[in-house]
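**Student:** Single-letter residue listing:
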Amino acid sequence: MSDERLEDILADHGLLPDATFSRRDFISALGGGIAVLILFPRSEAEAQRGGPQGPTEIGGWVHIDQAGQVTAFVGKVELGQNARTSLSMVVAEELRIEPSAVNLVMADTSITPYDAGTFGSRTTPGTVPPLRKAAAAARELLLDLAAQQLAVDRTTLTVADHKVTHADGRSLTFGELTKGQKLVQAIPDQVPETPPAEWRVVGHPTPKVDAVTVVTGQKRFASDQKRPGMLHGKVLRPTAYRATLKSLDTAAAEAMPGVTVVHDGDFVGVVAPTEVAAAKALDAIQAEWNAQTLVKPEELYEHLKSTAQQTDRGGNTVGSMVDGLAAAEVKLERSYTVSYLAHAAIEPRSATAEWENGNLTAWTATQSPFGVRSGLSRQFGLPETQVRVIAPDTGNGYGGKTPGQAASEAARLAKVVGRPVRVAWTREEEMTWPHFRPAGVIDVTSGALRNGKLVAWEYHNYNSGPAALGTPYAVPNQLVQHHPCDSPLAQGAYRGLAAPANIWARETHMDEMAHELGLDPLAFRLANLTDDRLRTVLQTATARFGWGQALATGGRGFGLGCGIDKGGYTATCAEVLVDQTTRQVRVVRILTAFECGAIINPLQLENQIIGAATMALGPALFEALEFDEQRLLNTSYSAYRLPRFSDLPQIEAVMVDRRDLPSAGGGETPFAGVAPAIGNAIFNATGVRLRALPLVPNGMPAA
Amino acid sequence: MVELRVNGAAHALDVEADRTLLSVLRDELDLTGTKYGCGEGQCGACTVLVGGKPVRSCMTPVGSVAGKPITTIEGLAKDGALHPLQQAFIDLDAMQCGYCTPGMILAGAALLAANRDPTDEQIAEALEGHVCRCGTYQRIRAAVHRAAEVMKGGPR
Ligand code: FES
Ligand code: FES
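Protein chains in written order, with my numbering: chain A, 8 to 710; chain B, 3 to 158.
No wet-lab data here; the hints were simulated from the structure.
Errors might be hidden in some of the hints.
[Said to hold, decoys possible] Just the calculated beta-carbon pair ranges, DEER-fashion:
(1) 202/A / 80/B: 43 to 51 Å
(2) 19/B / 363/A: 31 to 39 Å
(3) 116/B / 256/A: 30 to 38 Å
(4) 76/A / 61/B: 43 to 51 Å
[To be verified] Computed far set for chain A versus chain B, every beta-carbon distance over 10 Å:
(5) 123
(6) 212
(7) 231
(8) 273
(9) 328
(10) 351
(11) 352
(12) 353
(13) 401
(14) 562
(15) 614
(16) 618
(17) 645
Think of the CB as a built atom: it goes at the ideal place given N, C-alpha and C, for glycine as much as any other residue.
Chain A extracted, bound-state conformation (with noise of 0.2 Å):
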């Protein structure tokens, strides 16, 4: 495409050629073909970024090559959550090929464009929209140039097959069509997008894209990427949380063949030929660090009270709590503790670092590629243009991979050798010094009405975070607040965020209500429930359920959790059963029933919520991280416990389809409903209310 054309675009949308995006990137990324850009408004926050400013970014992109090859370029990172597949399923629609056509970039901070990053579930409803208009505006302008170089009207031409053809039988290829074109367009105001009732992929259950290579063990993850002269280097890590380095002798270390030491400041790190001789060399180090004393795990819960902060960020005032509770008629206060948790990705998180004339490149597992360039544009003093950050597909993230100490460990290492190097995190890394999610206390105080209403609804959270803070439930009067604290322990998002535990905490204490006022837990719920699609999806799932059709004997018990967050609505059934001799408690079934919209890939939704179910049994169950004063003590599989195929209950996924409503992200709201729907089924089976997370780490307490 030449110069001036996009100079053109870019100036139209008030878009300059900048240091996050630049011109010359994006025309060796396209060559020829025809293009059509997807432009966001930029936002507040990105324009603090410190980027260029101006009205609009690009936030995506469809191209066909000469060729006739499609292409889509997003900044998402693949982590499990099936990106890759669903967004090749919207463009293959609107340009009627198959999702294994489309090559999909993703996540390249040098030729695709930028993004916030991968979390919040906003791939779904952030880039599904515009991607599959820009896919829709891609397939008109290739009728428009069947329609000039056919000479026909373009109501005669139907475009299939990766071609468009016309009813008198002539066609072109879609790379007959981009031969020799050099068009980019903005997607036009006006594209027709093909409506649900002429779907043919999306909402089809569609295998993932890549499964061969899967299969095969032909994918490259972010660990499996190699370079030509590549070292291997780690980092020496503190023997204590929060320790400072206090003295240090590396001799046997740098006498070892091979090996080169980085010391700077507390940064200590090896580099060596291979893995082995790194993990050598780093043994042979001796260091001594200052410690310092956090906080006794059993005052943990005191402690993050004691510093917490007043905000109204994320809260809600809604009538008067004097009033409610003076209205009310049976009154309930109660608190609720979460623990931290470790994300305890499957995949520890690396990266590849490579400097070239003074440019860096990283490739390395993280959910925000951008971020991470970032950060390694400010931590050497470079221009963003000079790095280029890569997020291969990763072993899962769970909101754990964003931030890039990998890449900043790799590129400090590599530059001081002149070689690329990798650095790969060992468990033992991936589970102590990323962040976790946040511990926390929830205190809840509710008053209702005998006939089941609820008139007062007071509701504090304390550290662990904002998410889903507010009630779906009808509540005249509410006091709702989320309050910092300060955490001992480094903390940050988790699937979910703080919806998890603020599902939990409300849903448990919903149960709790409803057994004071001598209600059915679903009834109670419907009394104070108007959302219609929360009601959906509650009334779905006890429905499949069998809700109330069994009764809870011989320590066999059920249980219902429901709620809303990041446009998803989930209700979720549990049946446990709780051994008596042994107080050991068994999950035998879940059932999910869950309503993002209209559904992009039932096999993969399916796969998310059934997925969901499964992780959130740790939470729930038996996954915390351990401390004390000073160090974590759980920081491997064999001692952090997560559920396994022995812990595997019956799931069952319902999805319920709106087609007529946008689709949103069910990568994390369904995992909330699971732990209150297995604690109320352990109070159903025992009548002992359990209001810590996790609920049976050593089995049931003792009477």
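Given the coordinates of chain A, work out where chain B with the ligands should sit on it, guided by the hints.
**Tutor:** Only chain B with the ligands this time, still in chain A's reference frame:
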């Protein structure tokens, strides 16, 4: 010098005999389908077959398997035809991120070689040491059953 027989090919490698099989496969032979997950025998991501039996390559000194037939995930398909369990994983979409998949498939294939019709309990037992952090166990179990059915009808 260690002689390794991997996926039918012989390699004479200049590596220390106490190095792990996992690191030699990944870094010397570039067979990166074998994954690191925990390094302590707890996740199964590093599973390979030695003489047809599943082995944790992260805990296996390479010298101890010298000369023995080793199959990695890259060598499971025969003459371009996927193993029925590989096909079942695709057909049932029994993966999310796919990082645990090679280990699951190799352990599952070894189970099927020894037991033509495993029960749910036998599958759980054989795969208990494998972590799927994405939580795909239920479909993985279904894929093993599917492959067992296909294999009963004779090899494809
Ligand atoms: S890496 Fe070998 S069992 Fe986990
Ligand atoms: S598919 Fe991701 S760990 Fe199993």
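**Student:** Next step is simple, just say for each hint if it's right about the structure.
**Tutor:** Now the hints, each set against the structure:
no., hint, result
1, 202/A / 80/B: 43 to 51 Å, "holds, 46 Å"
2, 19/B / 363/A: 31 to 39 Å, "holds, 37 Å"
3, 116/B / 256/A: 30 to 38 Å, "violated, 52 Å"
4, 76/A / 61/B: 43 to 51 Å, "holds, 45 Å"
5, 123, "holds, 21 Å"
6, 212, "violated, 8 Å"
7, 231, "violated, 4 Å"
8, 273, "holds, 25 Å"
9, 328, "holds, 40 Å"
10, 351, "violated, 6 Å"
11, 352, "violated, 6 Å"
12, 353, "violated, 4 Å"
13, 401, "violated, 7 Å"
14, 562, "holds, 21 Å"
15, 614, "violated, 6 Å"
16, 618, "violated, 4 Å"
17, 645, "violated, 5 Å"
Consistency with the previously given hints fails for numbers 3, 6, 7, 10, 11, 12, 13, 15, 16, 17, ordered from lowest to highest.
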